[in-house]
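Asks: Following the hints, complete the assembly by docking chain W onto the known chain S.
Residue strings, one per chain:
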Amino acid sequence: MAIEHSPSLPEPLARRHWSASARLIWQALVSMRLAVHLLLFVAIASIIGTILAQQVSYHQYVAQFGPFWYRVFSDLDLYDVYRCGWYIGLVAFLVLSTASCITRNTPSMLRDMALPKRLSSQKFLASRAEQAEISVASGSGSLAQWGGILRERGYRTHTLAGPNGQRIILAQKGRFYRLGYIFTHFAIIMFCAGALYNANLPLKIREWFGAISPLSNFALPLATIPQKDWLPANDSAFRGIISIPVGQSVNAMFELIGDGFLVQRLPFTVHLDHFTITHYRNGIAKSFISRISLYNAHGKLLHTGIAYPNHPLTYDGVSIYQTSYNDSRSVLQFQSHSLLDPELPANTFGVRVGQKLRAGSGNYELAVEKLKINNTIPRKDLGLAERPGHSMINVGPIVRYQVTDRKTGESWIYKSYLRPLERHGEHFLLLAYHQQGNGIEHYLAIPEGAQGGIGLFVHYLGALENAAAQGANASSTVFRQTLRQVAEAQNVQLTPQERSNFLRASLIALRGLHDYPLPFLVTLHHLHLQWSAGLEMTKYPGMQIVYGACFLLVGGIFILFYVPRKRLWIRLTAAHQLRVSGDSSRNPEDFHQEFLEITEELQS
Amino acid sequence: MSVDVSELRQWFAFPQGAREQRLWQRLWAVALTAGAFAVWAIFRADFWMWQYITLGIWYAGLLWFGWHWPAFRRLFFAILVVAAPGVGLYMAGYTAANSLLLRYVFQSTAMFYWMSGAILVSAVSYYWYLYAGSQSAGDRGHRFAWLATVLGFAGLTIRWKETYVGHPSWGHIPVTNMYDAMVLLCTVTALFYLYYEAQGKRRGLGAFAMPMILAADIFLIWVGIAYHQNQIQPIVPALNSFWIKLHVPCEFVAYANFYLAAMVGLAYLLRQRAERLGSRLVERLPDLNKLERIMAAMVTFGFLFFTAGTILGAVWAAKAWGGFWSWDPKETWALIVWLNYAAYLHLRGRSPQHRPTGKTLAWWSVISLLTVTFCFIGVDLFLGGLHSYAKL
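Those protein sequences? They're chains S and W, same order as listed.
Just so we're aligned, residue 19 is where the first sequence starts under my numbering, counting upward by one.
Just so we're aligned, residue 120 is where the second sequence starts under my numbering, counting upward by one.
Bound-form chain S, shown alone:
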């Protein structure tokens, strides 16, 4: 869809006196050659950012490229290529070229779409692509009739007055086809304008000149950052993230910039009332929903609503997106049973992920490393039958903690399952461990009695040790008797079947305890989940422009390629002689076919 007449200045400019170099620059700007090259340059430059991970930490780049290439790439701004000067310059140049083309072509295109008031010259008509000379039978038709034939084919007809009173029909279809060109190219400029409006230019400029510098210590709590460094709430555009624990409020968020951040004050206070997460049966998250209330500075409730993936909450131009969630503030309750003296009551303590504490009379250090709420494993791995469509099972929360012997420095990684696993009607508490640096994973499946918990087993263990100390032999009678005594002492009712199951499972567990490295058993007992919702908040005033550009672009491409402008001129040259000229703005082959059909129809 090209305009191939030689590049010329727009008329108001052409009248002025221009130096040769200005003319040369203008001609280069509006040339198709430049446009195509720029399109390809931008395309090739864009590849860089997809191959090189963007905005990763400094250390990672150095490790990857070595100090020399790190510097080279850094000087070329390759680590944040889409926001760097040269890339934006390239895009700006493309936009400048597009704008120049529109400026040059729009006036002539508007003229082209206007209805001609007078007849085009004979020379012009004779130079049209399609020409036909047809003779019609006398009295077989009039201009009005021929006009009717063309109107039936979707043409709009106009009668023009030719020289010496001759009447001529001009039939047109797709008259506004040039809008395709104007829409598509203008849309590109609108996209860029919208993007600039959304980018909060004043902030970018201040950043450019170093008037504000991003903070880089991500460990700082929001409260400790001086309020004078906060960006004002009335900024025209922003995009930031914040994590809010349930029941708490924030009035600012973090805006990530390069590898640092700025604090953006919000126009309201965001309070997270409630957070829910739902799962598919196989443990994969299905949806997570935040109920959010917005308050103004005086504590007046402005708005309440929910946000979940694909459904942001929008208030006063600010959109709040539900992006992530975490459970870092959850309190884990552990139970510790001594294996040296199993008769001692269990010690219960609460701890958060990331905390450390002493255990085993201070000889060991216990660090809680990670909590994972949903753990989906194949049902097969547990020896469970597969059900159609349900090959996986969610075994519930698992906590990972590390125990270090403070004397020897040896350490073990433990995984404790909160929920007991069921197998053949029995319940087991699972504990997995391996020594640091030694990959072999050991599993300890501790049977739970009828009342749940591992108390019965630990007491049974103690009783067996006592019995052994008193010289009892490891015979099945002793095992059975001891169990009966312990069950009675603990006030646990066991059916004979349960008793024999428990006995068998205990013996397996006892064998596992042979190699057990620690003098205590620490298991996850209870979990007090405390969710934090990760929210993203944006204010993009330029979105209306961008959406407008979307419609213009798609509509424009459609008009550009699928709405050709077709024209036919019909005039009487002699008494029964018609001369038909025609042209089409695209697909001359198709038009040729149509032209033949039309002339045939006119003739009959």
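Do not take every clue at face value.
[Claimed, not checked] Pairs of lysine to aspartate or glutamate residues, derived as EDC-like cross-links and limited to a Cα-Cα distance of at most 16 Å, are as follows: (1) W:K280 / W:D258; (2) W:K438 / S:E554; (3) W:K320 / W:D258; (4) W:K409 / S:D608; (5) S:K222 / S:D253; (6) S:K433 / S:E361; (7) S:K374 / S:D423; (8) W:K409 / S:E607; (9) S:K388 / S:D345.
By construction, these hints were calculated from the structure, which means they are not laboratory data.
Replies: Then chain W, alone, in the frame of chain S:
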């Protein structure tokens, strides 16, 4: 031994008479309208503004295609006929475990194997037609290409039902992993090939299009076997949106057209060589001018849908991720593909004396295949990013 397909088309097409044609068009409109109302009646509890818009766009698109292309109407009903027993069996409570029919025929994965067989036969036949000039092989290729298209779409329909079988809350349109995506690519590309074949009235291009589809099909089978992607998984929250029903089909229409354009480019280059050498291949391919025009038509159509699809994706991103454009690898590669074809169309649009030669454009279109493939598959395999739902 050139073949004019128009005789055969009468075979496959409805009677060409204007009156019968119009009757079938009206029937199509009535059936489709009834179908749209049925969809609304069944799912109206979930309907809200955007669901109406989604349904409306689909209705308009199908109506347009069926109105202008008689074979599309028959395709649509053939898909319904093939898919109905499968969906019915699932609704009656059968599964692949207790129904042999489901296990070997109507289960989506089984049907995709049958589709693969049809693609293989079609590709080999078209190839045979191109090199040996066997008329019957060309017809067989054509028929099996239709069969593959029917089986592919019917399989996807059944698969959509299957997503509800695991648990009602799992249900989603089956375009969420690489396996589903490749099935969709195979069927949509075959459909568009058949459309252009009907337009161009020559069978020779099938020898380029169908082997390409066969390659995609082999990849699909490999993904299914090696990565178990043929198993249905629930949909992640980020994908659970009506936008997927517009964004993904648009992109696939575009990909199909870009791939076909590349294959036509290849045909162009081959025909040029055949002309130089005086090979008989010349008789079985459309002439160079026509090939160049078909190629440009494909790129143009693809470009329109690619633009629309990418914009829909960006609007979705604005709703889901909070940003219209995040320079995510997939987005960036979409931009690269877009810029590449924009440059192509700028050059193609120039007046004949300034336009690059057909050979240049053909090479351009063939090489663009790499960028499209990287955008479609490569990004998921090698780069990841926000879009890596389809990763292996």
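Asks: So, against the hints stated earlier in the document, which numbers end up violated here?
Replies: 1, 6
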